[in-house]
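Residue strings, one per chain:
There are 2 protein chains.
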Amino acid sequence: MITVEQADRIILTELRDYGTELVPFEEALGRVLAQNIVADRDLPPFNRATMDGIAIGFEAFSNGLRTFEIEGTQAAGDTPLDIQNGTECIEIMTGAALSSTVDTVIRYEDVEIAGGKAVVTVNSISKGQNIHLKGKDKKQDDVVASAGQKVTPAIVGLAASVGALELLVKKLPKVLIISSGDELVDVSDTPADYQIRRSNSYTVKAALSRIGLQADILHVPDNPVIIKQQLLYSLQSYDVLLLSGGVSMGKFDYIPKALAELEVTQLFHKVQQRPGKPFWFGTHADGALVFAFPGNPVATFMCMRRYFLPWLNAVLGLPNVKSFYAILSQDISFLQPLTYFLQVKLSFSEDGRMLAIPLEGNGSGDFANLADTDAFMELPAEKNNFKAGEVFRVWQF
Amino acid sequence: MITVEQADRIILTELRDYGTELVPFEEALGRVLAQNIVADRDLPPFNRATMDGIAIGFEAFSNGLRTFEIEGTQAAGDTPLDIQNGTECIEIMTGAALSSTVDTVIRYEDVEIAGGKAVVTVNSISKGQNIHLKGKDKKQDDVVASAGQKVTPAIVGLAASVGALELLVKKLPKVLIISSGDELVDVSDTPADYQIRRSNSYTVKAALSRIGLQADILHVPDNPVIIKQQLLYSLQSYDVLLLSGGVSMGKFDYIPKALAELEVTQLFHKVQQRPGKPFWFGTHADGALVFAFPGNPVATFMCMRRYFLPWLNAVLGLPNVKSFYAILSQDISFLQPLTYFLQVKLSFSEDGRMLAIPLEGNGSGDFANLADTDAFMELPAEKNNFKAGEVFRVWQF
Numbered sequence: 001m002i003t004v005e006q007a008d009r010i011i012l013t014e015l016r017d018y019g020t021e022l023v024p025f026e027e028a029l030g031r032v033l034a035q036n037i038v039a040d041r042d043l044p045p046f047n048r049a050t051m052d053g054i055a056i057g058f059e060a061f062s063n064g065l066r067t068f069e070i071e072g073t074q075a076a077g078d079t080p081l082d083i084q085n086g087t088e089c090i091e092i093m094t095g096a097a098l099s100s101t102v103d104t105v106i107r108y109e110d111v112e113i114a115g116g117k118a119v120v121t122v123n124s125i126s127k128g129q130n131i132h133l134k135g136k137d138k139k140q141d142d143v144v145a146s147a148g149q150k151v152t153p154a155i156v157g158l159a160a161s162v163g164a165l166e167l168l169v170k171k172l173p174k175v176l177i178i179s180s181g182d183e184l185v186d187v188s189d190t191p192a193d194y195q196i197r198r199s200n201s202y203t204v205k206a207a208l209s210r211i212g213l214q215a216d217i218l219h220v221p222d223n224p225v226i227i228k229q230q231l232l233y234s235l236q237s238y239d240v241l242l243l244s245g246g247v248s249m250g251k252f253d254y255i256p257k258a259l260a261e262l263e264v265t266q267l268f269h270k271v272q273q274r275p276g277k278p279f280w281f282g283t284h285a286d287g288a289l290v291f292a293f294p295g296n297p298v299a300t301f302m303c304m305r306r307y308f309l310p311w312l313n314a315v316l317g318l319p320n321v322k323s324f325y326a327i328l329s330q331d332i333s334f335l336q337p338l339t340y341f342l343q344v345k346l347s348f349s350e351d352g353r354m355l356a357i358p359l360e361g362n363g364s365g366d367f368a369n370l371a372d373t374d375a376f377m378e379l380p381a382e383k384n385n386f387k388a389g390e391v392f393r394v395w396q397f
Numbered sequence: 001m002i003t004v005e006q007a008d009r010i011i012l013t014e015l016r017d018y019g020t021e022l023v024p025f026e027e028a029l030g031r032v033l034a035q036n037i038v039a040d041r042d043l044p045p046f047n048r049a050t051m052d053g054i055a056i057g058f059e060a061f062s063n064g065l066r067t068f069e070i071e072g073t074q075a076a077g078d079t080p081l082d083i084q085n086g087t088e089c090i091e092i093m094t095g096a097a098l099s100s101t102v103d104t105v106i107r108y109e110d111v112e113i114a115g116g117k118a119v120v121t122v123n124s125i126s127k128g129q130n131i132h133l134k135g136k137d138k139k140q141d142d143v144v145a146s147a148g149q150k151v152t153p154a155i156v157g158l159a160a161s162v163g164a165l166e167l168l169v170k171k172l173p174k175v176l177i178i179s180s181g182d183e184l185v186d187v188s189d190t191p192a193d194y195q196i197r198r199s200n201s202y203t204v205k206a207a208l209s210r211i212g213l214q215a216d217i218l219h220v221p222d223n224p225v226i227i228k229q230q231l232l233y234s235l236q237s238y239d240v241l242l243l244s245g246g247v248s249m250g251k252f253d254y255i256p257k258a259l260a261e262l263e264v265t266q267l268f269h270k271v272q273q274r275p276g277k278p279f280w281f282g283t284h285a286d287g288a289l290v291f292a293f294p295g296n297p298v299a300t301f302m303c304m305r306r307y308f309l310p311w312l313n314a315v316l317g318l319p320n321v322k323s324f325y326a327i328l329s330q331d332i333s334f335l336q337p338l339t340y341f342l343q344v345k346l347s348f349s350e351d352g353r354m355l356a357i358p359l360e361g362n363g364s365g366d367f368a369n370l371a372d373t374d375a376f377m378e379l380p381a382e383k384n385n386f387k388a389g390e391v392f393r394v395w396q397f
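So the protein sequences, as listed, match chains A and P.
Per full-length UniProt numbering, residue 1 is the first one in the first sequence, and the count goes up by one each step.
Per full-length UniProt numbering, residue 1 is the first one in the second sequence, and the count goes up by one each step.
Treat the hints as calculated values from the structure; they're not laboratory data.
Here the structure is a predicted model, which means the values were calculated and not measured.
Possibly wrong hints are sitting among the right ones.
Derived pair list, reagent style DSSO-like, types lysine-lysine, alpha-carbon separation capped at 27 Å [claimed, not checked]:
#, chain 1, residue 1, chain 2, residue 2
1, A, 170, A, 228
2, P, 136, A, 345
3, A, 136, P, 134
4, P, 277, A, 277
5, P, 383, P, 345
6, P, 277, A, 134
7, A, 345, P, 127
8, A, 170, P, 277
9, A, 277, A, 139
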């Protein structure tokens, strides 16, 4: 049986390159850029008025002039208006592009306008005020977002502003979620006394959809012939299989045998952890990966969060799995030599610390608890007693 | 001019009830429950084997019996098999429902099986071991997720497990994002020297889509007749209008006038903050809300995050806007009497504290910076100098 760290290392060695694809910028949210987004011109592209008021040449003002002839009015989007000499000004609106004949904007609050003239009512202004200078944020050809970045709402907006209609992003692996076990019936069925409804696949599918990955779902019965056929098809059609259930030592757990026959090499089986000890991981000769999680709902969910998502991040080249640490709020004991994934509720205190409040309920296997918690806290196998105030890694979900 | 806190209070007074709707449980992720989800039977619904092995009556073992006749083999999903007396056992698989004639499971590792008999090779077992007892997690009719909770992947799975095919959730308001200004051209256009491309609407739309709200987009030209027509239609067809641009003091800002003519009451205009000072907020006689954000991309984005999203949370009855606090990593000065929304990158230190690292770039208006930051830190107007180590509220985006 291997440790959590060893399992981590083995999984993170099995990275694949799934290539890239072009998507409309509006649909790129959450994807990982495979290209730089570059400014097609300076940002801002012109000297831009940031207030409504009048635009003047500063020199005339510094020579004592306070009354300016209004040469014209220029809205945002209008062709820039010139002044002919320093005694003139332009009435200008926020967002308008300034002509090279003006260099300073005085806001309406500081001028009085009457009879085609603007009188400045303040004595102190500074040259260049209320102007967002051409190229101040970015120069033409500057990178505004880099390959490897995750596309955020701000990056969608940046892509729009530089006219990047399509973005090259990393392709996501094709993922199939497989449940197994004849005790599982459809959600719409009424189970017999000894049956339960399928739920794991929906939990995993929902968790993946939240990060933009649309996975398919398949249920296989406890029948060795059908299992082998279905797994063969799945290994040929998908990049990753996420199985839940069917990997224990039971007589009717046909999956490990079928995987072996289909040239899936087992890289490990069983990890020193609770929940999720029977976790099985292997790779197919043609490249597909098989994460076979134990059927217990909390175990499936935890293994998906703790192992599959970090693998996916690594595949997409995201710099590092974001590591979160939180402070345990109360003493906890766990006496077995296993890494314990404790269900916790996170809370941000007003002093900037992240607290993890355990909600043990009926122990690690209580799926109902997951509704009221938002992270697993990873308590290392080397210790048995964990004290309030100690800091450990947490995996938010 | 009002303070950030006053703006907050005014907005959070204008809550509306948008009713409820039924959605398939698979599509409920991120929605807010308007019903409790209740266990349709005990969870687990039967005494469930948690290991593969043999099931026995503990009394026979405690009387010294170590060899048990195998009466039959029962897989998960099979009808429970009974033993006829204490000398018998059932070979049992993980997930199987135990008959009432057995009360203890001994895993395969602790038995030797040969010739139709199982010999227990350990001397110490405990009654009830390796069984997840019926009703241990939840009893029939217990609430497994409550009205007012946001649907997480775990709650999707819980809904599946109790057969809740449809969930009653709170309706989301219908939101229209309106941009204005003749300086703005289509993303697919090549702007003239004095024009820029529309981007704000895409940023806001992307941010809302991330929380499951699909907003529509509209652009209005700087034409008072068209603006009034479009706003009239929008106020009748949508619950919330999010405008960007067109609310400054300029001659061509027709929007405030049109809103007034259409019976939208201004509740405030201008907030003591940077960016976003010209923020305008009002309500229509028939109930629609108008958030009119300044056109600067950072201002629009900040106001959407700081004011609209908390309003939406309050409307949906989410307990409290989750408040995050972080520790400023370096000294910052901001000399104006305004609340300053500083762009920061958040980082979780290994001691469980959340650090906020400022990325000022070219100041509060630099949109390109948003690609490299992940929160606004709210630095209060009452102070001008903010020291490394001090803690302030942050708004993650």
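Status of the hints after comparison with the structure:
At most 27 Å may separate the alpha-carbon atoms for a hinted pair to count; residue 170/A and residue 228/A exceed this at roughly 32 Å. For the hint pairing residue 136/P with residue 345/A, the CA-to-CA distance comes to about 21 Å; that is within 27 Å, so the pair holds. Our distance criterion of 27 Å between C-alpha atoms is broken by residue 136/A and residue 134/P, whose separation comes to about 67 Å. Taken as a hint, the residue 277/P and residue 277/A pair is broken in the structure, with Cα atoms around 56 Å apart against an allowance of 27 Å.
About 22 Å separates the Cα atoms of residue 383/P and residue 345/P, which keeps this hinted pair within 27 Å; it holds. This hinted pair checks out: residue 277/P and residue 134/A have alpha carbons roughly 23 Å apart, not beyond 27 Å. This hinted pair does not check out: residue 345/A and residue 127/P have alpha carbons roughly 33 Å apart, beyond 27 Å. Taken as a hint, the residue 170/A and residue 277/P pair is broken in the structure, with Cα atoms around 39 Å apart against an allowance of 27 Å.
Between the alpha carbons of residue 277/A and residue 139/A the distance comes to roughly 54 Å, so the proposed pair goes past 27 Å and is violated.
Going down the numbered hints, you'll see the structure goes against 1, 3, 4, 7, 8, 9, while the others check out.
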